[in-house]
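**Q** In terms of full-length UniProt numbering, the sequence shown opens at residue 1 and continues consecutively.
If you're looking for bench data, these hints aren't it; they were derived computationally from the structure.
Keep in mind that the hints are not guaranteed to be accurate.
[What the hints assert, rightly or not] Using C-beta positions, here's what the derived DEER-type ranges look like:
1. Q227 with T328: 38 to 46 Å
2. P127 with T191: 29 to 37 Å
3. T293 with V184: 16 to 24 Å
4. K76 with Q227: 20 to 28 Å
Quick reminder that beta carbons are idealized off the backbone N, C-alpha and C, glycines included.
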Amino acid sequence: MITSFFKPKRTRNEAEEDNNNIVVTTNDDNHETETDDNGDVQKKNLKTTSSPTTVQSVTCITPMSSKKNLTPAVAKLLFHLQRRNRGDGDGRLCWRQALHQHLSSPSFARLADFVESQRNNYTVYPPPKETFTALNWTPLDQVKVVIVGQDPYHGPNQAHGLSFSVYRGQKVPPSLRNIYKELVQDDEIDTFKTMPQHGYLERWAQQGVLMINTVLTVRRGDANSHQKKGWEEFTDEVIRAVDQNSSTGVVFLLWGKPASTKMTTALTGGSNKVTRHTVISTSHPSPLGATKTDSPFLGSKCFSRANKALRKMGHNEIDWRVDGPLPTA
Numbered sequence: 001m002i003t004s005f006f007k008p009k010r011t012r013n014e015a016e017e018d019n020n021n022i023v024v025t026t027n028d029d030n031h032e033t034e035t036d037d038n039g040d041v042q043k044k045n046l047k048t049t050s051s052p053t054t055v056q057s058v059t060c061i062t063p064m065s066s067k068k069n070l071t072p073a074v075a076k077l078l079f080h081l082q083r084r085n086r087g088d089g090d091g092r093l094c095w096r097q098a099l100h101q102h103l104s105s106p107s108f109a110r111l112a113d114f115v116e117s118q119r120n121n122y123t124v125y126p127p128p129k130e131t132f133t134a135l136n137w138t139p140l141d142q143v144k145v146v147i148v149g150q151d152p153y154h155g156p157n158q159a160h161g162l163s164f165s166v167y168r169g170q171k172v173p174p175s176l177r178n179i180y181k182e183l184v185q186d187d188e189i190d191t192f193k194t195m196p197q198h199g200y201l202e203r204w205a206q207q208g209v210l211m212i213n214t215v216l217t218v219r220r221g222d223a224n225s226h227q228k229k230g231w232e233e234f235t236d237e238v239i240r241a242v243d244q245n246s247s248t249g250v251v252f253l254l255w256g257k258p259a260s261t262k263m264t265t266a267l268t269g270g271s272n273k274v275t276r277h278t279v280i281s282t283s284h285p286s287p288l289g290a291t292k293t294d295s296p297f298l299g300s301k302c303f304s305r306a307n308k309a310l311r312k313m314g315h316n317e318i319d320w321r322v323d324g325p326l327p328t329a
């Protein structure tokens, strides 16, 4: 059964323990980056406010050999990547364990140095505690659907670590409005009848939808400013971890050319059982891309197709509503 989660306040000792177990050593215009099918971007002004969130977690296994070669920058970056899984049960494989080899690499150390330098000199989104929201909210062993985004929102109080999602109280970005529009128009999704008034997608994450951007940080007002600094390699490893740790398969919703390219790059030379996954590719949901190409996002029924694939794999389908109690198994 899937339940909602709440985060107790961490004690000082727990915070220090998290740091010791790390796998390796404002005001401006608000914007959404609109992306077409080829990854081109435009900026739209938005007005935003912020909202808190909570989470509960349990301990997972962390390799003892991964505690060496700790660097201050890596420790700082990974401080908010939980070494615990959300939900019930101990000893399950968590993201820290699955990614520990990459997190101990020189590539990740360089990324950590870059992010620390950027945060010291600029405003960077999302805030440090929300950099790894996608991983913290959706444990590796619960991933059923993967949605690959590109760049975090680069306006104040927008990005909180889930691709396409914004906090309640903020204007729903154009791409997310089209996502909602597709859900409303899909006659095989009978629970999604009206357009939601907020863009907070935590409910999806709680059901096993991993909403991961290709790049996890961005400088304020500067779209794509943290591309090609090491995040792409990190998120490749995230996708590989999903592939390697799913015996029944997952559904990949790939919206736009960059997302499709990301999937190909991440899984090249990977598992020989990639065909157990279901890949649904469409154009990007932004106003620039939603009706483009031979596989337009609008009218694709990608969400009902995803649920059909999940049922075939033996998973519970996703309740795509963004409000209401979570479904029970």
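**Q** Are the hints correct? Go through all of them and say.
**A** Each hint, compared with the structure:
Taken as a hint, the range 38 to 46 Å holds for the pair Q227 and T328, whose Cβ atoms sit roughly 41 Å apart. For the hinted restraint 29 to 37 Å between P127 and T191, the CB-CB distance of approximately 33 Å keeps it satisfied. Look at T293 against V184: about 22 Å separates their beta carbons, and that is inside 16 to 24 Å. Taking the beta carbon of each, K76 and Q227 are about 21 Å apart, inside 20 to 28 Å as hinted.
In this structure, none of the earlier numbered hints is contradicted; all agree with it.
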